[in-house]
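The lines below spell out each chain.
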Amino acid sequence: MTLSRFDLFSPERLDEAVALLKEKGKDTFVMAGGTDLLIKRRHQVIHPRTIVSLKKISGLNRISFRSGKGLTIGATALLGDVARHRTVLRIYPAIAKAAGNTANVQIRNMGTVVGNLCNASPAADNAPALLAMNAALNIVGPQGKRVLPLEDFFLGPGFTALQPAEIVTSVFVPMPLSGSGATYLHLSARGRIDCSAASTGVALTLKGPRIDKLRIFIGACGPTPLRMPKTEKILINQKLTKTLAVRAGLQASKESKPISDVRANEDYRSKMVAVLVRRAILEANKLARDNK
Amino acid sequence: MKRELNITINGQPYNLFVSTHRTLLEVIRDDLDLTGTKVGCEMGECGACTVIMDGRTVNSCLVLAHEAEGCEVQTIEDLTEDGKLHPIQESFVEHGAIQCGFCTSGMIMSTKGLLEKNPNPGEDEIRSEMRGNLCRCTGYVKIVEAIEAVRDGGDK
Ligand SMILES: Cc1cc2nc3c(=O)[nH]c(=O)nc-3n(C[C@H](O)[C@H](O)[C@H](O)COP(=O)(O)OP(=O)(O)OC[C@H]3O[C@@H](n4cnc5c(N)ncnc54)[C@H](O)[C@@H]3O)c2cc1C
Ligand code: FES
Ligand code: FES
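Just so you know, the protein sequences line up as chains A and B, in that order. Quick note, the first sequence lines up with residues 1 to 292 if you use my numbering. Quick note, the second sequence lines up with residues 293 to 448 if you use my numbering.
It is worth saying that the hints were derived from the structure and are not from the lab. Just so it is clear, the structure is predicted and the values come from calculations on it, not from any experiment. Treat the hints loosely; a few may be bogus.
What the hints assert, rightly or not - Chain B stretches covered by chain A per the calculated footprint, using a threshold of three residues with CB under 8 angstroms from any CB of chain A:
hint	stretch
1	306-313
2	326-336
3	349-362
Unchecked claim - Residues from chain A that keep clear of chain B, each with C-beta distances beyond 12 angstroms, as calculated:
hint	residue
4	Leu37
5	Ile39
6	His43
7	Leu60
8	Ile91
9	Pro93
10	Gly144
11	Arg146
12	Pro229
13	Ile234
14	Thr243
15	Asn265
16	Glu266
Said to hold, decoys possible - Facing chain B, a subset of chain A residues (Cβ under 7 angstroms, in silico):
hint	residue
17	Thr35
18	Asn104
19	Val105
No residue lacks a Cβ here, since even glycine has one placed at the ideal position from N, Cα and C.
Build the full structure now, drawing on both the sequences and the hints.
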């Protein structure tokens, strides 16, 4: 079977892009870097008739930081640019790490952080750290603008809370409080050329020696990235010890819902969740102590 | 649907008329007959199709031709000067970093991208930066050696 032929539009304004999406309707897709979209077309998972590229919309590739507020990563900001951005490296190292560990150089020169989220793969490398750090999406659509917590965005593999003709314009990450730390850790079965087989993002804030606020997410172990409330409960208001971190890791392993697929089997994933979560908590706790 | 496409390839401006669903790789090879850029997986995995677009290495199999409108693209054909191989090419030949040669154009373009970003990469950085280029023949050791030799040779 031949691949779908499509028309390509590269509007220069956001409202034009929304209007095009609305007008063209069925089999119309937004494209940022295309590193997921064009692969899905090649696998014939989708049959685009129209593609609306966001690349020519000015300002959409901006990465900006406002002290006291937070970080905004525009929809067409490249993974490679986020990974190398000075402020991101300094204030949001977990986010820089996640972007820098996604795919390879060429893909990071084409693909975007926001595209990684919108593709809604359960294994998306950029999701866990952003979720842990309480990120939100800025969305524009036919009904105007709205803001959605990233936590409410993922509905299932490839499914998001986006309505027809809606576009994510940026992801916003609040400024981390003093005394807080965040980490991203991941593993893939075939070295690092592959998507993650298990991953975790942890963000915590200390009050004195105790964990005051905590968010733990794991990736690639369920239909969407998953929050680990029972694991968080073990740790909240506690002073972290190695023993406690081990217990929390084991709880996360119970709480996750891994499946077996080409990247790893269920058993391996469960075991690795325990290891990753344990390490990530210890690391985030150390960063938080250093960040007082 | 066909549309006009203005693109600069290896320093030469082209005014083309190209279907919107075609990739940069297809245009480079099939329309411009620049067959040094190879077609491997067409899935972004192997790096055989690597070219440099506005200073960044990309997989031309995943770039729609029209997304390169107004861009400067460099392919392997641009590296030789007056019939003389580029130092990266020389080094690959000298170190036996080429067997069947299918991955070589992509490897060399990625090496160029890497050394332009960081002229002095360590072995770890070379290995991690070259991860997007797969080779079925050499086992990579010779390729890393070839890149280290270019690095140590000073100019690139
Ligand atoms: C060889 C290879 C290796 C890879 N390795 C990894 C990896 O290690 N980890 C990983 O997580 N991913 C990996 N990926 C997947 C992919 O590269 C990333 O998910 C990338 O971040 C996608 O970004 P993009 O800009 O290319 O998205 P696109 O392909 O442009 O878009 C992805 C999806 O999101 C939608 N979309 C994009 N932007 C918006 C927007 N602003 N608003 C609404 N919808 C939007 C599109 O319609 C599409 O459905 C890999 C891909 C390849 C080809
Ligand atoms: S042919 Fe483009 S990456 Fe393999
Ligand atoms: S030399 Fe044959 S694939 Fe690399």
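Hint check:
no. : hint    : verdict
1   : 306-313 : holds (count 3)
2   : 326-336 : holds (count 3)
3   : 349-362 : holds (count 9)
4   : Leu37   : violated (9 angstroms)
5   : Ile39   : violated (6 angstroms)
6   : His43   : violated (8 angstroms)
7   : Leu60   : holds (14 angstroms)
8   : Ile91   : holds (23 angstroms)
9   : Pro93   : holds (17 angstroms)
10  : Gly144  : holds (29 angstroms)
11  : Arg146  : holds (29 angstroms)
12  : Pro229  : holds (36 angstroms)
13  : Ile234  : holds (35 angstroms)
14  : Thr243  : holds (34 angstroms)
15  : Asn265  : holds (22 angstroms)
16  : Glu266  : holds (25 angstroms)
17  : Thr35   : holds (6 angstroms)
18  : Asn104  : holds (3 angstroms)
19  : Val105  : holds (5 angstroms)
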